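Chemist: Quick note, the sequences are listed as chains P and D, same order.
The first sequence runs 290 to 420 under our numbering.
The second sequence runs 290 to 420 under our numbering.
Hints listed in this document are in silico derivations from the structure and should not be mistaken for laboratory results.
Nothing here was measured: the structure is a model prediction, and the numbers come from that model.
The reader is advised that the hints may include incorrect statements.
Heads up, the list lumps identical chains together, so a pair's fine if it works in one copy or across two of them.
In silico lysine-lysine, BS3-like type, Cα no more than 25 Å apart, as pairs [stated by the list, open to error]:
(1) K296 <-> K405
(2) K405 <-> K291
(3) K291 <-> K393
Single-letter residue listing:
2 protein chains.
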Amino acid sequence: MKVEHSKNIVSHIVQMDGAVGCHVRQLVNEQDGAPTFAMRQFEVEPGGHTPRHFHPYEHEVYVLEGEGVVYEGDTPRPLAAGDVVFVAPDEVHQFRNTGSSPLKFLCLIPNSATGKNVTVVPECSAEATDT
Amino acid sequence: MKVEHSKNIVSHIVQMDGAVGCHVRQLVNEQDGAPTFAMRQFEVEPGGHTPRHFHPYEHEVYVLEGEGVVYEGDTPRPLAAGDVVFVAPDEVHQFRNTGSSPLKFLCLIPNSATGKNVTVVPECSAEATDT
Numbered sequence: 290m291k292v293e294h295s296k297n298i299v300s301h302i303v304q305m306d307g308a309v310g311c312h313v314r315q316l317v318n319e320q321d322g323a324p325t326f327a328m329r330q331f332e333v334e335p336g337g338h339t340p341r342h343f344h345p346y347e348h349e350v351y352v353l354e355g356e357g358v359v360y361e362g363d364t365p366r367p368l369a370a371g372d373v374v375f376v377a378p379d380e381v382h383q384f385r386n387t388g389s390s391p392l393k394f395l396c397l398i399p400n401s402a403t404g405k406n407v408t409v410v411p412e413c414s415a416e417a418t419d420t
Numbered sequence: 290m291k292v293e294h295s296k297n298i299v300s301h302i303v304q305m306d307g308a309v310g311c312h313v314r315q316l317v318n319e320q321d322g323a324p325t326f327a328m329r330q331f332e333v334e335p336g337g338h339t340p341r342h343f344h345p346y347e348h349e350v351y352v353l354e355g356e357g358v359v360y361e362g363d364t365p366r367p368l369a370a371g372d373v374v375f376v377a378p379d380e381v382h383q384f385r386n387t388g389s390s391p392l393k394f395l396c397l398i399p400n401s402a403t404g405k406n407v408t409v410v411p412e413c414s415a416e417a418t419d420t
C-alpha cells in the first residue's frame, strides 16, 4: 500500500507542444505497481492551458480547485471544484484556467495510453483563414 | 464528453456487509462509455467505515475532505485531504472516518473488477480469542 500526501510527490512542468503553465504530479502509476490505470494531478496557472489535442484513450477528471473551462471541440464548458469530466477516446479537448488562482484537477488515464499517438490540434482557425 | 457536478450524481447507501455510514456516487463508469476504469466518490459519516476486506483488483484513492485512517492489514495509516492511496490487489484494507465531519474520497477501480470476489475479513481478533 502506498499512502502519500500529493504535495510530497514531485511536480514537473508539462513540456508538451501547446501546454502553457501546466504542472503535473504522477500520484499513482505503473512504477507503484498500478496494473490498469494512472492517477495524475495537474495544476494550471492562471491564463495557462493544456494542449488542444486528442488521443485514442480516455480521461477521467475530477476538479479539485480553481475555475476554468474544458473545451469539447470548440465548445467551452465551465469547470469548478467538484466537477467531473469524462473525455472519451478521440474527443478533441483542452483545459484552460479562466480564474485568478491555480486550476487543480486529477486526470486519470489507462496504462495502455503509453506509446499511443497524441495529436495536437491548432488553437483556432487562424491558419485555416490565412490560407 | 460528460461534464457534471459530483453533487448532481445520485448517492446510494453502500449495502455491503461490514459497511457502516457509507455512501457512494458513481461519477464515471461503463454506462458513460468509460472503457477501462470507474471513478466513484465515497462519503463516510463520522464513526463510519468501509468493510475490512480484500479483492483481486486495485484501488486508487484521493482524499477530498475530512479525516480518517486507512487500515493496511492491522496498521492504521492517517488520512487527510490531498492524500493519495494505492491499494494493491489482494491487500486487506479498510477506510474509517475518525473525524467529526464526513470523510470524502475518490476511489477508482478497473472495469474488470465487475463480478470478482470480494472477501470481508473480521474487524478484529475478538472472535478468534473467544474460541
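Chemist: Next, verify each hint and record whether it holds.
Modeler: Going through the hints against the structure:
1. In this assembly of identical chains, the alpha carbons of K296 and K405 never lie at most 25 Å apart, being 29 Å within a copy and 34 Å across copies at closest.
2. When the C-alpha separation of K405 and K291 is checked against a cutoff of 25 Å, the pair qualifies only between copies, where the shortest distance is 23 Å, while the shortest distance within a copy is 27 Å.
3. Proximity of K291 and K393 under a CA criterion of 25 Å is satisfied in both settings, with 22 Å inside one chain copy and 18 Å between copies.
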